[in-house]
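Chemist: Chain residues, written in single-letter form:
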Amino acid sequence: MLKTFPTGGVHPPENKITANAPIQSLPLPEQVIIPVSQHIGAPATAIVNKGDTVKAGQTIATSKGFVSSNIHSSVSGKVSKIDMVTDTTGYKQTAVFIDVSGDEWVDTIDRSEEIIQDVGLTPEEITRKCLDAGIVGLGGATFPSHVKLTVPSGKKCDVLIINGVECEPYLTADHRLMLERGEEVLTGATILMKALRVEKALIGIESNKPDALAHIAKLASGFKGITVHGLKVKYPQGAEKQLIKALIKREVPSGRLPLDVGTVVHNVGTAFAVYEAVQKNKPLFERVVTVTGRSLSSPGNFLVRTGTPVSKLIAAAGGMPEDTGKIVAGGPMMGKAINNTDVPVVKGMSGLLLIPLEESGRAGSEPCIRCARCVSVCPLGLEPYLLMTLAELGLYERAETEKITDCMECGSCSYTCPAARPLLDYIRLGKGIVIKMARERNLK
Amino acid sequence: MSNLLNVSPSPHVYGKETTRKLMLGVVLALIPALAASIYFFGWGAIIVTITAVLSCVLFEYLIQRFLLKKAITITDGSAVVTGLLLAFNLPSNFPVVLVVLGSLVAIGVAKMTFGGLGNNPFNPALVGRVFMLISFPVQMTSWPVPSGFGTGYADAVTGATPLAVIKAGIKGGEQVSALMDQVPSHMQLFYGYMGGSMGEIAAAALLIGFAYMLIRKIITWHIPVSVIGSFLIFTTILWHAAPEKNADPLFHLLTGGILLGAIYMATDYVTSPMNPKAMIIYGCGIGIITVVIRVFGAYPEGVSFAILIMNAFVPLMNTYIKPKRFGEEVKNG
Amino acid sequence: MSSVIPLTIISLSVIASIAAVILFFVARKFKVFEDPRIDEVQEILPAANCGGCGFAGCRNFAEALVKADSFEGLVCPVGGAKIMEEAAALLGKEAPVVDPLVAVLLCNGTPEFRPKTSNYTGVYDCRISHNLYAGESDCSYGCLEYADCVRACAFSALYMDPETRLPVVIDEKCVACGACVKACPRNIFELRKKAKKDRKIYVACSNCDKGGPARRACKVACIGCGKCVKVCQFDAITLENNLAYIDATKCTFCRKCAPECPTNSILEINFPPRKQKIEAEPAQTTEN
Numbered sequence: 001m002l003k004t005f006p007t008g009g010v011h012p013p014e015n016k017i018t019a020n021a022p023i024q025s026l027p028l029p030e031q032v033i034i035p036v037s038q039h040i041g042a043p044a045t046a047i048v049n050k051g052d053t054v055k056a057g058q059t060i061a062t063s064k065g066f067v068s069s070n071i072h073s074s075v076s077g078k079v080s081k082i083d084m085v086t087d088t089t090g091y092k093q094t095a096v097f098i099d100v101s102g103d104e105w106v107d108t109i110d111r112s113e114e115i116i117q118d119v120g121l122t123p124e125e126i127t128r129k130c131l132d133a134g135i136v137g138l139g140g141a142t143f144p145s146h147v148k149l150t151v152p153s154g155k156k157c158d159v160l161i162i163n164g165v166e167c168e169p170y171l172t173a174d175h176r177l178m179l180e181r182g183e184e185v186l187t188g189a190t191i192l193m194k195a196l197r198v199e200k201a202l203i204g205i206e207s208n209k210p211d212a213l214a215h216i217a218k219l220a221s222g223f224k225g226i227t228v229h230g231l232k233v234k235y236p237q238g239a240e241k242q243l244i245k246a247l248i249k250r251e252v253p254s255g256r257l258p259l260d261v262g263t264v265v266h267n268v269g270t271a272f273a274v275y276e277a278v279q280k281n282k283p284l285f286e287r288v289v290t291v292t293g294r295s296l297s298s299p300g301n302f303l304v305r306t307g308t309p310v311s312k313l314i315a316a317a318g319g320m321p322e323d324t325g326k327i328v329a330g331g332p333m334m335g336k337a338i339n340n341t342d343v344p345v346v347k348g349m350s351g352l353l354l355i356p357l358e359e360s361g362r363a364g365s366e367p368c369i370r371c372a373r374c375v376s377v378c379p380l381g382l383e384p385y386l387l388m389t390l391a392e393l394g395l396y397e398r399a400e401t402e403k404i405t406d407c408m409e410c411g412s413c414s415y416t417c418p419a420a421r422p423l424l425d426y427i428r429l430g431k432g433i434v435i436k437m438a439r440e441r442n443l444k
Numbered sequence: 001m002s003n004l005l006n007v008s009p010s011p012h013v014y015g016k017e018t019t020r021k022l023m024l025g026v027v028l029a030l031i032p033a034l035a036a037s038i039y040f041f042g043w044g045a046i047i048v049t050i051t052a053v054l055s056c057v058l059f060e061y062l063i064q065r066f067l068l069k070k071a072i073t074i075t076d077g078s079a080v081v082t083g084l085l086l087a088f089n090l091p092s093n094f095p096v097v098l099v100v101l102g103s104l105v106a107i108g109v110a111k112m113t114f115g116g117l118g119n120n121p122f123n124p125a126l127v128g129r130v131f132m133l134i135s136f137p138v139q140m141t142s143w144p145v146p147s148g149f150g151t152g153y154a155d156a157v158t159g160a161t162p163l164a165v166i167k168a169g170i171k172g173g174e175q176v177s178a179l180m181d182q183v184p185s186h187m188q189l190f191y192g193y194m195g196g197s198m199g200e201i202a203a204a205a206l207l208i209g210f211a212y213m214l215i216r217k218i219i220t221w222h223i224p225v226s227v228i229g230s231f232l233i234f235t236t237i238l239w240h241a242a243p244e245k246n247a248d249p250l251f252h253l254l255t256g257g258i259l260l261g262a263i264y265m266a267t268d269y270v271t272s273p274m275n276p277k278a279m280i281i282y283g284c285g286i287g288i289i290t291v292v293i294r295v296f297g298a299y300p301e302g303v304s305f306a307i308l309i310m311n312a313f314v315p316l317m318n319t320y321i322k323p324k325r326f327g328e329e330v331k332n333g
Numbered sequence: 001m002s003s004v005i006p007l008t009i010i011s012l013s014v015i016a017s018i019a020a021v022i023l024f025f026v027a028r029k030f031k032v033f034e035d036p037r038i039d040e041v042q043e044i045l046p047a048a049n050c051g052g053c054g055f056a057g058c059r060n061f062a063e064a065l066v067k068a069d070s071f072e073g074l075v076c077p078v079g080g081a082k083i084m085e086e087a088a089a090l091l092g093k094e095a096p097v098v099d100p101l102v103a104v105l106l107c108n109g110t111p112e113f114r115p116k117t118s119n120y121t122g123v124y125d126c127r128i129s130h131n132l133y134a135g136e137s138d139c140s141y142g143c144l145e146y147a148d149c150v151r152a153c154a155f156s157a158l159y160m161d162p163e164t165r166l167p168v169v170i171d172e173k174c175v176a177c178g179a180c181v182k183a184c185p186r187n188i189f190e191l192r193k194k195a196k197k198d199r200k201i202y203v204a205c206s207n208c209d210k211g212g213p214a215r216r217a218c219k220v221a222c223i224g225c226g227k228c229v230k231v232c233q234f235d236a237i238t239l240e241n242n243l244a245y246i247d248a249t250k251c252t253f254c255r256k257c258a259p260e261c262p263t264n265s266i267l268e269i270n271f272p273p274r275k276q277k278i279e280a281e282p283a284q285t286t287e288n
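Chains as they are written, first to last, in the numbering used here: chain C, 1 to 444; chain Y, 1 to 333; chain Z, 1 to 288.
Check the hints yourself; a few may be wrong.
[To be verified] Listed next, with one range per pair, are the computed distances between beta-carbon atoms:
(1) Gly73/Z x Glu328/Y: 38 to 46 Å
(2) Pro111/Z x Gly255/C: 30 to 38 Å
(3) Leu395/C x Lys21/Y: 28 to 36 Å
(4) Arg20/Y x Ala315/C: 40 to 48 Å
(5) Asn131/Z x Tyr61/Y: 51 to 59 Å
(6) Gly73/Z x Lys277/Y: 47 to 55 Å
(7) Phe25/Z x Glu397/C: 53 to 61 Å
(8) Glu183/C x Leu24/Y: 32 to 40 Å
[Unchecked claim] Each computed DSSO-like pair below joins lysine-lysine, with the alpha-carbon atoms no more than 30 Å apart:
(9) Lys219/Z x Lys70/Y
(10) Lys3/C x Lys277/Y
(11) Lys227/Z x Lys92/C
(12) Lys219/Z x Lys81/C
(13) Lys92/C x Lys219/Z
(14) Lys16/Y x Lys3/C
(15) Lys210/Z x Lys50/C
Source of the hints: derived by calculation from the structure; they are not laboratory data.
Note that beta-carbon positions come from the ideal geometry of N, C-alpha and C, so glycine has one too.
Could you put the whole structure together from the sequences, leaning on the hints where they help?
Modeler: Now the structure itself:
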């Protein structure tokens, strides 16, 4: 019996067309554009100036505050300017433009292929290294990892969960990483266990990746305390709360964090980045991105430096197909559509999906027929049809009592609606307003 | 224009289900029952069905075009479903003029006055039927005896429904066991050999449609199962308490349109509750009210009244019965 | 049978009188005292319930007026000075002098000036588009064109011009209730002092980007060059965040600034045409 979460969920066509494409390294671009805000929390402050020469791995922007992250140069070269650039948020952000010359790395980085399994550091040192290396959650949320490794006093963590679910259709970056860098991922998990002082780690992998499941399960027998679990294919299984429920049957209370039920979830990509940061001293400046889409001539998985314009990735995957109607950074369910191909790759970009024109539009919205499909697919037990109406009418107090803030914007409701209603669009709008209202109320 | 990228909020992929496909699915699921009624009632069934469907669609079109002056939405298929269900609730020799009138009530009064699809509190087809039942009781209770294409539309031999026979008999002080000989056997009832509304007679055909709708995921099991479940439990209790005064549960189940109501009418999206918990309460309500009307009330059937009564409670249930929120009760192990 | 009718009349009369007595006592017991002047003031108010005064409706505003010691800060934008004076006279207080205002759109990004760079296929709602990204053009400050303001206007003083794809304010109908200012997620409506003949000179731009990007995004963007600031003799123009702003209370309508603007982002509305050679960009958007 495969494990899964109990309420709601949908099963969109998986379309994992790049599942068998090995990770390729993308050649260095001529210029990289590195935004100083690639994470949740305060943007980092740029510490380089125009004309400075930098090496790959050098810190170019430092974190500001606890929930923030360092940004490193991904290439060696000269800072040509510090300017604004439209990134995946759709708005202009400050970014450091670097003209690439050569590929010189900071000396402390260990560039050998050798896999080091022994962890000699203390938990505090590991957390420190994650902070210095700018590690953030690579599943998409980009929450700074050092914050998650710092267990506040009074809270207890007894089990670590490693998220290898990759429930978004199309994406295969984590899948390939587990297959090709399984040992590093597991070592990363061991490091995370040590940092959190836990004895047990669970890796959850959906059963549509049988090769990765078998591979990781085989390797995990050599690691103490790590067990691997197959999960039924269901979206959004990779969501933190759903994965915790599926694996250890604990339910994170509304408005609380996984730590409140004694667990922490990290993505396999993050585990790999932690391994590189701790064992190889390598800051987070490159990641695996799935470039996919049915019209692409050679879709694949690419190891790419942050700051590379997405146009390079598309070129590497065979060039932009004629019929492209929409480009999505991330998966099709939660990714963000981008409006031009100069957008740089950021830490949180797990995939790049090119959707053909005829599939990129949206059917016109029809009246709600109250079929209750949105209610039955909501993984959080909310009533999307009601929340949408409340948000549309501006009844925010009522929306708050109906738990609009619990929504994690997985998009299952909009996906499933037969009347093509923009459920999530309005819920997201209402959620933002309700959160703002609550914050203002708390200030008073 | 063409080389500009489209941008919209997530999600960027959508399911394949549309309102139209769902309505079409319901129509498909009704086809076995339609075939059965044509088999048993001949031309009458065809005439009534076509009239009801056409006039429902036509009235929806006319009202949208000339009264509301809004976009025409007859292609979504909801009017077709209403028309079919209305026809299924009428006797096969029902006068054509009255069928048209019933369609006008169903579409004009019960659906469009509230704002069209999605806004009507009561099931349109049932409002149409109940309107006819109250206004034209004679025509609505003269049921043709099943004879296939053997007799014409107008000169069909009429008789009472099995439930009406039993009801009248009990009132007259007869024993149920004696009355049972006057009505068709259970097996005949299962295949639909009885007098009654066009759609309610063939239990077997209705169940085929039910299976189809479940497999196609057009409806969930909650409402039909809770209606039938509560109905069976209640009739069993009554039967055991006084077998000489009450027919057996299976007889009740196969007659009087409880299956038609439970599978197709109670599950109408618009007028049923929005979450499983409420759906089960709603279904049980229908089952119990139906039995109460049948056994203690004036009407022999009662399914349509039961559904309409529970329809009235749906907004209340949607407001106060909530699905279980994730992370609501802290119950960690 | 004949006794039924009188019996009915008698019993109903008895029930009615009992109910009347009960109602009489209930009404006395639960009577709420309300200042009768509130009703009188409410009579004067326009009953638009637009919320322009900052209160939930005209009744609440009337209450506030009756309770207030002075009318300072209490203005009914719909009724204007006339109604405020009437209310003041009724309550024996003094109404402060308020300038009539009118809503003005600080954007002139028509499709001609502001090239489209993407295609928004989401819901026709400015707030949703604003939360998603910069918009169909590269200007992340300008109008999104999905008419949230038009829907918010209770006085039909706004409409979308299909040519310019921008909202147009009908000055005669605008009561400066501020609903559009609140509705606009980009905050590009301003309530400006109304002038004679509805004349206006204002910077029709809200772009805070530096000159280069601003101009690339829109040909009539304010690039923050400061030329208008220098030419103004009345200190009416200020430059902040690469964006010039003309203070309507200080502006004397000397019309010196508009010709200076290299991008024609300063609009002159309802002025007689200039005689000299200088050609101001014909204001296409706001004819009235």
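Chemist: So, for every hint listed, does it hold in this structure?
Modeler: Checked hints:
Between Gly73/Z and Glu328/Y the C-beta distance comes to about 45 Å, which sits within the given range of 38 to 46 Å. Here the CB-CB span from Pro111/Z to Gly255/C is close to 45 Å, at odds with the stated 30 to 38 Å. Between Leu395/C and Lys21/Y the Cβ separation comes to about 32 Å, which falls inside the hinted range of 28 to 36 Å. Range check, Arg20/Y to Ala315/C: about 41 Å between beta-carbon atoms, so the 40 to 48 Å window is met.
Taken as a hint, the range 51 to 59 Å is violated for the pair Asn131/Z and Tyr61/Y, whose Cβ atoms sit roughly 39 Å apart. For Gly73/Z paired with Lys277/Y, a C-beta distance near 51 Å keeps the hint of 47 to 55 Å intact. The supplied range of 53 to 61 Å is broken by Phe25/Z and Glu397/C, whose beta-carbon atoms lie about 37 Å from each other. The beta-carbon spacing between Glu183/C and Leu24/Y, approximately 53 Å, falls outside the hinted interval of 32 to 40 Å.
The hinted pair formed by Lys219/Z and Lys70/Y fails the criterion: a straight-line CA distance of about 40 Å is larger than 30 Å. Proximity of Lys3/C to Lys277/Y is assessed by CA-CA distance (about 24 Å); at most 30 Å being required, the pair is judged to hold. Among the hinted pairs, Lys227/Z with Lys92/C is consistent with the structure: their alpha-carbon atoms are about 27 Å apart, no more than 30 Å. Proximity of Lys219/Z to Lys81/C is assessed by CA-CA distance (about 24 Å); at most 30 Å being required, the pair is judged to hold.
The hinted pair formed by Lys92/C and Lys219/Z meets the criterion: a straight-line CA distance of about 19 Å does not exceed 30 Å. Between Lys16/Y and Lys3/C, the direct Cα distance comes to roughly 27 Å. Compliance with the 30 Å bound is thereby established for this hinted pair. Of the supplied pair hints, the one linking Lys210/Z and Lys50/C holds, its CA atoms being roughly 18 Å apart against a limit of 30 Å.
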